[in-house]
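Following the hints, put chain A in place on chain V, whose structure we already have.
Protein chains in written order, with the numbering used here: chain V, 1 to 399; chain A, 1 to 399.
Treat the hints as calculated values from the structure; they're not laboratory data.
Given the structure is predicted, the values throughout are model-derived calculations rather than measurements.
Be aware that one or more of the hints could be misleading.
In this list, chains with the same sequence are indistinguishable; a pair is considered to hold if it fits within one copy or across any two.
27 Å max Cα-Cα, derived BS3-like pairs, lysine-lysine [said to hold, decoys possible]:
#1 Lys23 / Lys333
#2 Lys251 / Lys350
#3 Lys84 / Lys23
#4 Lys351 / Lys124
#5 Lys251 / Lys378
2 protein chains.
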Amino acid sequence: MSTIRHITLPAGFVAAGVRCGIKTSGEDLAVVAGEREVSAAVMTTSNQVVGAPVLWCRRVLPQGFGRVRGMVINSGCSNVCTGKAGLEDAEAMATETARLLGAEPSEILVASTGIIGQPLPMGKIRKGIAMAVGSLGWRNDPAVVRAIMTTDTVEKSAVVRTRIAGQPITIAGIAKGAGMIAPSMATMISVLTTDANVAPRTLHRAFAAAAEVSFNAVTIDSDQSTSDTAVVMASGRAGGRIARGTAEERKFSAALTEACTAMAMAMARDGEGATRLVQVNVTGAATDADAKVAAKAVADSPLVKTAVHGADPNWGRIVMAVGKSAAKVVPEKLSVKIGGVTVFARGAPKKFSSRPVAGHLAGDTVVIDVGLGLGRGKFTAYTCDLSREYITINADYHT
Amino acid sequence: MSTIRHITLPAGFVAAGVRCGIKTSGEDLAVVAGEREVSAAVMTTSNQVVGAPVLWCRRVLPQGFGRVRGMVINSGCSNVCTGKAGLEDAEAMATETARLLGAEPSEILVASTGIIGQPLPMGKIRKGIAMAVGSLGWRNDPAVVRAIMTTDTVEKSAVVRTRIAGQPITIAGIAKGAGMIAPSMATMISVLTTDANVAPRTLHRAFAAAAEVSFNAVTIDSDQSTSDTAVVMASGRAGGRIARGTAEERKFSAALTEACTAMAMAMARDGEGATRLVQVNVTGAATDADAKVAAKAVADSPLVKTAVHGADPNWGRIVMAVGKSAAKVVPEKLSVKIGGVTVFARGAPKKFSSRPVAGHLAGDTVVIDVGLGLGRGKFTAYTCDLSREYITINADYHT
Chain V
1 MSTIRHITLP AGFVAAGVRC GIKTSGEDLA VVAGEREVSA AVMTTSNQVV
51 GAPVLWCRRV LPQGFGRVRG MVINSGCSNV CTGKAGLEDA EAMATETARL
101 LGAEPSEILV ASTGIIGQPL PMGKIRKGIA MAVGSLGWRN DPAVVRAIMT
151 TDTVEKSAVV RTRIAGQPIT IAGIAKGAGM IAPSMATMIS VLTTDANVAP
201 RTLHRAFAAA AEVSFNAVTI DSDQSTSDTA VVMASGRAGG RIARGTAEER
251 KFSAALTEAC TAMAMAMARD GEGATRLVQV NVTGAATDAD AKVAAKAVAD
301 SPLVKTAVHG ADPNWGRIVM AVGKSAAKVV PEKLSVKIGG VTVFARGAPK
351 KFSSRPVAGH LAGDTVVIDV GLGLGRGKFT AYTCDLSREY ITINADYHT
Chain A
1 MSTIRHITLP AGFVAAGVRC GIKTSGEDLA VVAGEREVSA AVMTTSNQVV
51 GAPVLWCRRV LPQGFGRVRG MVINSGCSNV CTGKAGLEDA EAMATETARL
101 LGAEPSEILV ASTGIIGQPL PMGKIRKGIA MAVGSLGWRN DPAVVRAIMT
151 TDTVEKSAVV RTRIAGQPIT IAGIAKGAGM IAPSMATMIS VLTTDANVAP
201 RTLHRAFAAA AEVSFNAVTI DSDQSTSDTA VVMASGRAGG RIARGTAEER
251 KFSAALTEAC TAMAMAMARD GEGATRLVQV NVTGAATDAD AKVAAKAVAD
301 SPLVKTAVHG ADPNWGRIVM AVGKSAAKVV PEKLSVKIGG VTVFARGAPK
351 KFSSRPVAGH LAGDTVVIDV GLGLGRGKFT AYTCDLSREY ITINADYHT
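Isolated chain V, as found in the complex (with noise of 0.2 Å):
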């Protein structure tokens, strides 16, 4: 039997996912730790309603990292809008985890995904915690992917080798959502490993770079969940100290980012009812906030994303969306490419052959370009298309 391994890969991490009965079906609960303490770094939703587990999350890591030794995770109750008795939950969750791996609960991260407003069943995840944290291992990276899933279609998964320092150095993640992912991390849940040798402050602000293009930078539907969070941990087994402000630290960040990108893309390619991944880069902005927003703007535009279901080379879409952005634009500066051929420029249309565009639309993948001809700011989002079957997974799925 071949096992694929992901989440374990880098030294020093062991994993469990198990099905303690929350979801109608598979796994539902799962448990990453290190071997001993890790360095760890979180982010967590910008939303102002959240779960509270991320309130956890934030008691543990007030400044969004330091030294932790795990994290438990379950899919099917997200444990948002659950009040006091909702905090006790989460907080018993760590304090189980902690107990039977040997720990503080003030070392453990909690996660949780699914519907909202329920209580947690506590007998089921207590169940669950014992047989995740009694099966931990290097062999069951599949089953922990699957416990964090819920409306997810595929598993997510990244790992990204480097020579840091002459060190080899392995990053891994898995990562779930696929609806209500937008502006700022929304129902995404991310746990990355690695065996880097870096302290919690550094992990932390390469972990930030990291999500800002790649987590943040993805929108399914513009709505954002109450319970995303981003978590890396290093077991610093690799050696070879990464510090601040040098060359490593700067080729550590990269590769992270390349992780967080392949699960962010993963993401957008797997929204809910999506049959291709859109890419839109703005380029020329005048600063890379206006960027952001004028992408963020395309990439939310049900109009650009219904024309992109259709493979309709609807530009005039694209240049609506930029306009009602809040991002600075001159209309005769702007230009737009679908699939880099060029439909738009300077503000006027282009004439283009409409069978290869359209035909780029539907494809697997879209690439949009837009420049601003303002600056030099620039910023990529992802999306996906919006089809039907979006609708029907989101009106069809009752509280």
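Below, chain A alone, put in the same frame as chain V:
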């Protein structure tokens, strides 16, 4: 044969709608004119990319108000992204209409709606203007409203009668718009007429206030057109001048708001693919601006709109949408009602019988109340549910 009158009910106005062959079927050009010069106010899109007719209206009325003779409108082609030639075409529409009415081009407003990036078929347009001016009268209001429609499935008009300072006055309006209607004034065109005796500046002030809580409170899909134009014209034939800062002005403003709100609600109800109107009332916000931001976040949320479409009392999505907005939110003070039934109170789910709530969500008009518990700010936004039909309309519509 009965004749439905609206736009020409106020004394002093004539109108005509004709077919000149821009659209594949039906009327596609209209002229609405004062019998002589009238007070006018105009509101146009806040998109940074605007059509040539919008630029023309801003040239005719740089402050948004003044004296005009009338307006010419076509559907089927929006004259957007058409460069210098497009501006000349918009001006030519005004010039031709003015010539036939015996007025100046600078007294004629222009609006166009339809596909972006195509030149206007000026031969057809000229013929249409000649036909329309030749048949101006009081008997063809239905043709006028049909001539401004694009993907609308129903004709939208409103008539409000009131007495101001003892004088009966009439306000009438027609509107089109079913998609790309969002944050502020999207592919919507509305023309209102009144016999009230009101100076341009006062008319503009009343119209801006009315538009803020009506047209600017509608969102279909968060996209925003490059062509939105709303115009009100006042003939003064009712006598009894409405002076600034008086009780008469307040009464007129309220009546104008009533007419605009009726049309805004009709637009939301006729949103592309819509099966029901959704009214989102936010109260208790720190400020009115916060209330608007929160109401729009709920009204724009694809997850809320699909839940409404599925008649699912998924209050978690409403809470999520409020939380992701830029409005100040304190989760512990947040309450939500659906159809008058409290489903979430002061930060916690409330037990409710789901059958009547689901029944309300399956009805014609859905009312969502969000209480922020922070202050006295309030705003009501109008939208519709999000259905497979929206995707069909917008994915299958080809440029």
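Against the structure, the hints come out as follows:
1. Lys23 / Lys333: neither (52 Å within a copy, 31 Å between copies)
2. Lys251 / Lys350: For lysine 251 and lysine 350, the Cα distance exceeds 27 Å both inside one copy (41 Å) and across copies (51 Å).
3. Lys84 / Lys23: Close inside one copy (23 Å), not across copies (60 Å); limit 27 Å.
4. Lys351 / Lys124: Result: close only across copies, 24 Å inter versus 62 Å intra.
5. Lys251 / Lys378: Intra 21 Å, inter 50 Å, cutoff 27 Å: intra-copy only.
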